[in-house]
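Which chain is which? The protein sequence lines are A and B, in order. Take 1 as the starting number for the first sequence in UniProt numbering and just add one per residue. Take 1 as the starting number for the second sequence in UniProt numbering and just add one per residue.
None of these hints come from the bench; they were simulated from the model. We treat Cβ as the ideally placed atom computed from N, Cα and C, and that holds for glycine. Hints are supplied without guarantee of correctness; some may be wrong.
Some chain B residues close to chain A (C-beta under 10 Å, calculated; not the full set) [as the list claims (entries may be wrong)]:
id, residue
1, L57
2, Y81
3, A122
4, R249
5, D253
6, G254
7, E256
8, A397
In the DMTMM-like style, the derived pairs of lysine to aspartate or glutamate whose C-alpha atoms are separated by at most 25 Å in a straight line are [to be verified]:
id, chain 1, residue 1, chain 2, residue 2
9, A, K303, B, D446
10, A, K67, B, E46
11, A, K395, B, E46
12, B, K43, A, E19
13, B, K395, A, E51
14, B, K303, A, E364
15, B, K395, A, D302
16, B, K288, A, E51
17, B, K43, A, D302
18, B, K303, A, D391
19, A, K303, B, E52
20, B, K67, B, D39
21, B, K135, A, D306
22, A, K134, B, E60
23, A, K303, B, E49
24, B, K303, A, E69
25, A, K135, B, E31
26, B, K303, A, D306
27, B, K134, B, D253
28, B, K288, A, D73
29, A, K409, B, D306
30, A, K303, B, E46
31, A, K135, B, E52
So you can see what is in the structure, the chains are spelled out below.
There are 2 protein chains.
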Amino acid sequence: MQMAESNCLSPDWDLPAGEAFLQNVFGIIMEEAVRKGTDTSEKVCEWKEPEELKKLLDLELRSHGEKQEQILDRCRTIIQYSVKTCHPRFFNQLFSGLDPHALAGRIITESLNTSQYTYEIAPVFVLMEEEVLKKLRALVGWSSGDGVFCPGGSISNMYALNLARYQRYPDCKQRGLRALPPLAIFTTQESHYSVQKGAAFLGMGTDSIRLVKADDRGRMIPEDLEKQINQAEAEAAWGGSVLLSQTHRHLLDGIERADSVSWNPHKLLATGLQCSALLLRDTSNLLKHCHGAQATYLFQQDKFYDVSLDTGDKVVQCGRRVDCLKLWLMWKALGGSGLEQRVDWAFTLTRYLVEKMKLQKGFELVMEPEFVNVCFWYVPPSLRGQEDSADYCMKLAKVAPLLKERMVKKGSMMVGYQPHRSWPNFFRLIVANPALSMADLDFFLDELELLGQDL
Amino acid sequence: MQMAESNCLSPDWDLPAGEAFLQNVFGIIMEEAVRKGTDTSEKVCEWKEPEELKKLLDLELRSHGEKQEQILDRCRTIIQYSVKTCHPRFFNQLFSGLDPHALAGRIITESLNTSQYTYEIAPVFVLMEEEVLKKLRALVGWSSGDGVFCPGGSISNMYALNLARYQRYPDCKQRGLRALPPLAIFTTQESHYSVQKGAAFLGMGTDSIRLVKADDRGRMIPEDLEKQINQAEAEAAWGGSVLLSQTHRHLLDGIERADSVSWNPHKLLATGLQCSALLLRDTSNLLKHCHGAQATYLFQQDKFYDVSLDTGDKVVQCGRRVDCLKLWLMWKALGGSGLEQRVDWAFTLTRYLVEKMKLQKGFELVMEPEFVNVCFWYVPPSLRGQEDSADYCMKLAKVAPLLKERMVKKGSMMVGYQPHRSWPNFFRLIVANPALSMADLDFFLDELELLGQDL
């Protein structure tokens, strides 16, 4: 590091030291993140108040560098205080779980560090993305079409909105929304909040959203949809993986009639963040027409290979991460049948949990689950049988936040809660982690009882 | 994999096998991607035509899964045919190079697999992002402000545009662009194409872009900017890292007067894709006001900790990758002084290359470089001294594509080319890889001579 600038060798390059460092880091990851992070005898999180955590982390970026041993200590500390989303008791989000093949795909992606935008610098991944998208489209029921991996489901949904308005009004790209008649977005009250964010970001405004009535399960009621819309609303993105299951794919019957489908394999399939595909039935090259800007310094037309392989002009980003490898590698390892088994297992576990809840005092379902999320209230002993009292709902609303605090500070498990419509705070458990066993769900119920027994 | 569904254990979970698999994958990565991928005696790419590569990769996703040994072979094949962007002879893009600390940060990020949106599930990274953004803002010259890591510089630029219009016309979020007077985006012909993509995506239309004249170096000519704009155009994002160098930061003099700065450490600092910060001088919580949708199921207000730590409502995405760790870990390891040395070294090498080019026949600079990109023509022997002939430019335009084809098929190096304004195709070499030595640049010049000697 102290070599003179006049030296002809790079001043900070020491590959053997770098390799030894990476070997050590990998060892730490295997022990602290993979082994302990999935071990039910270890905590799912190690709660610290922000000020205390800041001190433990020593976050300040200084002028001098640190020795490798110190950096390795920092890696251990970072993992120690991070939430273990792969842990079988992490029920908090849709992306729980660790698939070693998908993780391998992610680490290879990071090591190769390329951008998905041209065949020139991403030959393997351009072809692989094409194949993965084709497979996903086939599961939707389309024999042709287009698509692209996006930075998350919200951006996928914005893409779908932007493509819909461009298809109907191509002028929009050049002349903007002011040149167009007023546009409306038809969706339900129950749709994902990315529709709202997208309406604002795309310049349409949230007022352009027309809410269509939905039934108790959030399905749009067709009779209430007065005007037909050209664009099919993007499906709720995490349900897509159910298409892999012969037993359960009927839940998405009719999906093949949509014009676009947003599908996040990083949720139910546990590929890891992010893996979000936007699938299109379109075969007119709508993506490139709508998003293209023909930057000559990236997308030269006089290249020595077929430049239609370059995907860069399909997206509004410039550089784009490789998101297909983790899914592809996992699929190769497990096969479609292995993935199907995984989806079916999630349904089996959900059913097991729901039946247990029905038999156990203090658990009340918000509704009978149709998918792998279970919404329920935990009613503590003092509130049981008090459903008719005036302040029941107000008291019940305080239970979930309190139990959440207790479980997080103990580190025993994590599960989300939320209010919805007029319903007070309820828990929302997601059965997605492929490592989950029935014993983990037994633990979940027992632990809630334990945490709430004095309430 | 063949266990009955009725069994209480997950059907596809075998952690010891998964760990052994990951150990093997890591060994392959170290050998094939890290060691060979940075070894100048190895090829920078192994060119295959798309049809041939498809056969080699066997991309089809089938119903049955494959044995781990076969999956490991696939990992080797994927790395083998991928472009080695860390290789010292990869001059093709801005993100060349491998920093072991940043790679460690990326692998830890992938292993922990969390989303940046709440303190609840990303306590370490919420605090770390805050600290990293604060440091970057300080380098810009701001003692307060806001910011967020975005999925790439193009999206950062769109954020900046969206925030600017929201700040001036908060109505836009709800009522859309049709309720507003016509808006204009002032930029130069030389600005990044994401401004065009953003104008279209945000519903303003590319017609709303007013081009301001620029000088030869692409700097806006203030006298030509008739109307003052409230929003400072985002800086060309890859130059931000020059702020780390005492010697060279004068190149961005005045940047502290901007309202927003988009900075991609994944370029000159080699953190790996993606690491793109949008920095704001704003202290009024503009990001949350502009992008917030208050999704109750993610951003509960009755949590047991300070919910202002949750960053999810600052962005238009829902899930958001952790992009701060790779930069933070590298900074801790090298220190600000090590990063400064890296930036200075890139300038030293650029100067070395330029002086050598001036002494060597057949190399002609498009202009004297001000930064670390060198734009030049390679003029082959048959064209030397023919500058006045009528078809000189037409012939010269064909040189770069042909040499590019030859170097890629040989696998010896990669460098981009492009036309610009009335200039025919020229090469654009990026000096960014921290492992670069003067010998690599000598090789670069010799190799071009060798590839072009018969032209």
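Results for each hint:
Interface restraint check: B/L57 against chain A, minimum CB-CB distance 6 Å, threshold 10 Å, status holds. Contact between B/Y81 and chain A, as hinted, is supported at the beta carbon level, the nearest pair being about 5 Å apart and thus within 10 Å. Taken as an interface hint, B/A122 checks out: its beta carbon lies about 7 Å from the nearest beta carbon of chain A, inside 10 Å. Among the interface hints, the one on B/R249 is violated; its C-beta lies about 15 Å from the nearest C-beta in chain A, farther than the 10 Å criterion.
Interface hint status for B/D253: violated, as the beta-carbon distance to the closest one in chain A is roughly 22 Å, over 10 Å. Taking 10 Å as the C-beta contact cut-off toward chain A, the hint placing B/G254 at the interface is violated, the least distance being around 24 Å. Taken as an interface hint, B/E256 does not check out: its beta carbon lies about 19 Å from the nearest beta carbon of chain A, beyond 10 Å. Here the hint on B/A397 is kept, as its CB sits about 8 Å from the closest CB of chain A, short of 10 Å.
Proposed proximity of A/K303 and B/D446 is supported: the alpha carbons are some 23 Å apart, at most 25 Å. About 37 Å separates the Cα atoms of A/K67 and B/E46, which puts this hinted pair outside 25 Å; it is violated. Distance check on the hinted pair: A/K395 and B/E46 sit about 66 Å apart at the alpha-carbon level, beyond 25 Å; violated. In summary, the hint linking B/K43 to A/E19 is supported, as the alpha carbons are separated by about 20 Å, within the 25 Å threshold.
This hinted pair does not check out: B/K395 and A/E51 have alpha carbons roughly 65 Å apart, beyond 25 Å. Restraint check for B/K303 and A/E364: satisfied, since their Cα atoms lie roughly 22 Å apart, inside the 25 Å limit. Using a Cα cut-off of 25 Å, the hinted pair B/K395 and A/D302 holds, with the two alpha carbons roughly 13 Å apart. A C-alpha spacing of about 23 Å is found between B/K288 and A/E51, which places the hinted pair at or below 25 Å, so the restraint holds.
Restraint check for B/K43 and A/D302: the C-alpha separation of about 24 Å stays at or below 25 Å, so the hint holds. A distance of roughly 21 Å separates the Cα atoms of B/K303 and A/D391; the hinted pair therefore holds under the 25 Å criterion. With a C-alpha separation of about 18 Å, the suggested pairing of A/K303 with B/E52 holds against the 25 Å cut-off. Among the hinted pairs, B/K67 with B/D39 is inconsistent with the structure: their alpha-carbon atoms are about 31 Å apart, more than 25 Å.
About 44 Å separates the Cα atoms of B/K135 and A/D306, which puts this hinted pair outside 25 Å; it is violated. Simply put, A/K134 and B/E60 have alpha-carbon atoms about 10 Å apart, close enough for the 25 Å limit, and the pair holds. About 13 Å separates the Cα atoms of A/K303 and B/E49, which keeps this hinted pair within 25 Å; it holds. At roughly 37 Å between alpha-carbon atoms, B/K303 and A/E69 are farther apart than 25 Å, so this suggested pair is violated.
Note on A/K135 and B/E31: the hinted pairing is violated, with a Cα-Cα distance of about 32 Å set against a maximum of 25 Å. The suggested pairing of B/K303 with A/D306 is violated, with an alpha-carbon distance near 54 Å, which exceeds 25 Å. Using a Cα cut-off of 25 Å, the hinted pair B/K134 and B/D253 holds, with the two alpha carbons roughly 19 Å apart. Between B/K288 and A/D73, the direct Cα distance comes to roughly 35 Å. Violation of the 25 Å bound is thereby established for this hinted pair.
Restraint check for A/K409 and B/D306: satisfied, since their Cα atoms lie roughly 15 Å apart, inside the 25 Å limit. Between A/K303 and B/E46, the direct Cα distance comes to roughly 17 Å. Compliance with the 25 Å bound is thereby established for this hinted pair. Distance hint between A/K135 and B/E52 is fulfilled; the C-alpha atoms sit about 20 Å from each other, no more than 25 Å.
Of the numbered hints listed earlier, those contradicted by the structure are 4, 5, 6, 7, 10, 11, 13, 20, 21, 24, 25, 26 and 28.
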